[in-house]
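Asker: The lines below spell out each chain.
2 protein chains.
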Amino acid sequence: MSADRGRSPIEFWFSFGSPYAYFGALQIEALAARHGREVLWRPFVLGPAFKQTGMGPLTRQPMRGEYALRDWARLARLHQVPFVLPANFPVEPLPAGRMFYAVDSEDPAAAKRLAVSLVRAFFGQGLDIADAETAAGVGEAQGLDRSRLAAAAGDQRWKDALRARTDEALSKGVFGAPFVLVDGEPFWGADRLAMVEQWLARGGW
Amino acid sequence: MSADRGRSPIEFWFSFGSPYAYFGALQIEALAARHGREVLWRPFVLGPAFKQTGMGPLTRQPMRGEYALRDWARLARLHQVPFVLPANFPVEPLPAGRMFYAVDSEDPAAAKRLAVSLVRAFFGQGLDIADAETAAGVGEAQGLDRSRLAAAAGDQRWKDALRARTDEALSKGVFGAPFVLVDGEPFWGADRLAMVEQWLARGGW
Chain A
42 MSADRGRSPI EFWFSFGSPY AYFGALQIEA LAARHGREVL WRPFVLGPAF
92 KQTGMGPLTR QPMRGEYALR DWARLARLHQ VPFVLPANFP VEPLPAGRMF
142 YAVDSEDPAA AKRLAVSLVR AFFGQGLDIA DAETAAGVGE AQGLDRSRLA
192 AAAGDQRWKD ALRARTDEAL SKGVFGAPFV LVDGEPFWGA DRLAMVEQWL
242 ARGGW
Chain B
42 MSADRGRSPI EFWFSFGSPY AYFGALQIEA LAARHGREVL WRPFVLGPAF
92 KQTGMGPLTR QPMRGEYALR DWARLARLHQ VPFVLPANFP VEPLPAGRMF
142 YAVDSEDPAA AKRLAVSLVR AFFGQGLDIA DAETAAGVGE AQGLDRSRLA
192 AAAGDQRWKD ALRARTDEAL SKGVFGAPFV LVDGEPFWGA DRLAMVEQWL
242 ARGGW
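Chains as they are written, first to last, in our numbering: chain A, 42 to 246; chain B, 42 to 246.
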């Protein structure tokens, strides 16, 4: 592995509406830091990928849905974090993604903190972050400007930004969430984070 | 965890046609042995589960197929085992499943060895184990009676046995392969074997 590749940030692709992305979001920064890597957080919209692959929200799928519900509760116990299935699940919280990119354009570190707060609010507390005012309130609690966040959720510029990242995800073969790219190597799913870590430790295999 | 539960065998559900089941099959006995558990090998047919869930063979799915091909090659390098995509993939090798249950009815240990030989022949060498004579030849190489194996592949008794296990899989919520049941707790996928191991070590959580 070249020194340049070793310095490249990890790309963490996720949807604000994905339970597995929630579990991934709580782990990815610490994982990357253990290997001296930065993380580029990349929220995107799952719908277009689902359209291509024929997939859909797990809770609407026979057998797989029941398994997923049990699995999320089990993962929450394992990682000792709260988990609730939001009342409006499944939903793609577009305002959250747009706010993220508005903040990210000025302060990526604040955007990461916002992302973690948003997934915690959604899957830890069941707050409806698909509602712009609610999502803006989550940002305000960490010191961001509530009215600017709410405005970003309706701003064409940030709608376009989220759409562009969604297109980028598709072009990179990202079809689910979370999805990690390490120097272009793709890893799908929260249950592949251990493999991401192995890959980073060994420099691939 | 009661002593009785601690002694219960693990159920290892798999399809002879699943690459992920191949990787799982090469690890499950050693994993179980580390925790003093026996393994019940349970080949079944994936088609009926796919019909219920709307899933299908990965290589026929846009984006997911390309990822799977890359992932299988990567898993093979990680575990230092050969991997080839058989020429007739995707296919459900029914003769293999029927032979397994014929042998299993008399000698479960021999049936496990046969199962490992069959998945190694299929995904390690690309031999067509959906062909009864080829599959019987794999069994002969480990000392089983070739003509009895070939006959089992066409015997209604073992056709029924495979079908009954497939029904049992569905009734237990088994929708993919490999799928491990530990004291009734379900774990789907080769990438969950580490979690199975954690579960066994802790007695659940």
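No lab work stands behind these hints, which were simulated from the structure alone. The structure presented is a predicted model; accordingly, all values stated were derived computationally and were not measured. Careful: at least some of the hints might be erroneous.
Intra- or inter-copy, both count: the list cannot distinguish identical chains.
Here are the simulated DMTMM-like pairs of lysine to aspartate or glutamate, each with C-alpha atoms no more than 25 Å apart in a straight line [what the hints assert, rightly or not]: (1) LYS200 to GLU226; (2) LYS92 to GLU174; (3) LYS92 to GLU107; (4) LYS200 to GLU238; (5) LYS153 to GLU107; (6) LYS213 to GLU181; (7) LYS92 to ASP186; (8) LYS92 to ASP148; (9) LYS213 to ASP169; (10) LYS213 to GLU107; (11) LYS213 to ASP172.
Asker: Hint by hint, say whether it matches the structure.
Answerer: Okay, the hints, checked on the actual structure:
no.: 1; hint: LYS200 to GLU226; in the structure: neither (28 Å within a copy, 42 Å between copies)
no.: 2; hint: LYS92 to GLU174; in the structure: neither (29 Å within a copy, 42 Å between copies)
no.: 3; hint: LYS92 to GLU107; in the structure: both (22 Å within a copy, 16 Å between copies)
no.: 4; hint: LYS200 to GLU238; in the structure: neither (33 Å within a copy, 44 Å between copies)
no.: 5; hint: LYS153 to GLU107; in the structure: neither (31 Å within a copy, 30 Å between copies)
no.: 6; hint: LYS213 to GLU181; in the structure: neither (33 Å within a copy, 46 Å between copies)
no.: 7; hint: LYS92 to ASP186; in the structure: neither (35 Å within a copy, 50 Å between copies)
no.: 8; hint: LYS92 to ASP148; in the structure: neither (32 Å within a copy, 47 Å between copies)
no.: 9; hint: LYS213 to ASP169; in the structure: neither (30 Å within a copy, 34 Å between copies)
no.: 10; hint: LYS213 to GLU107; in the structure: between (30 Å within a copy, 11 Å between copies)
no.: 11; hint: LYS213 to ASP172; in the structure: neither (29 Å within a copy, 38 Å between copies)
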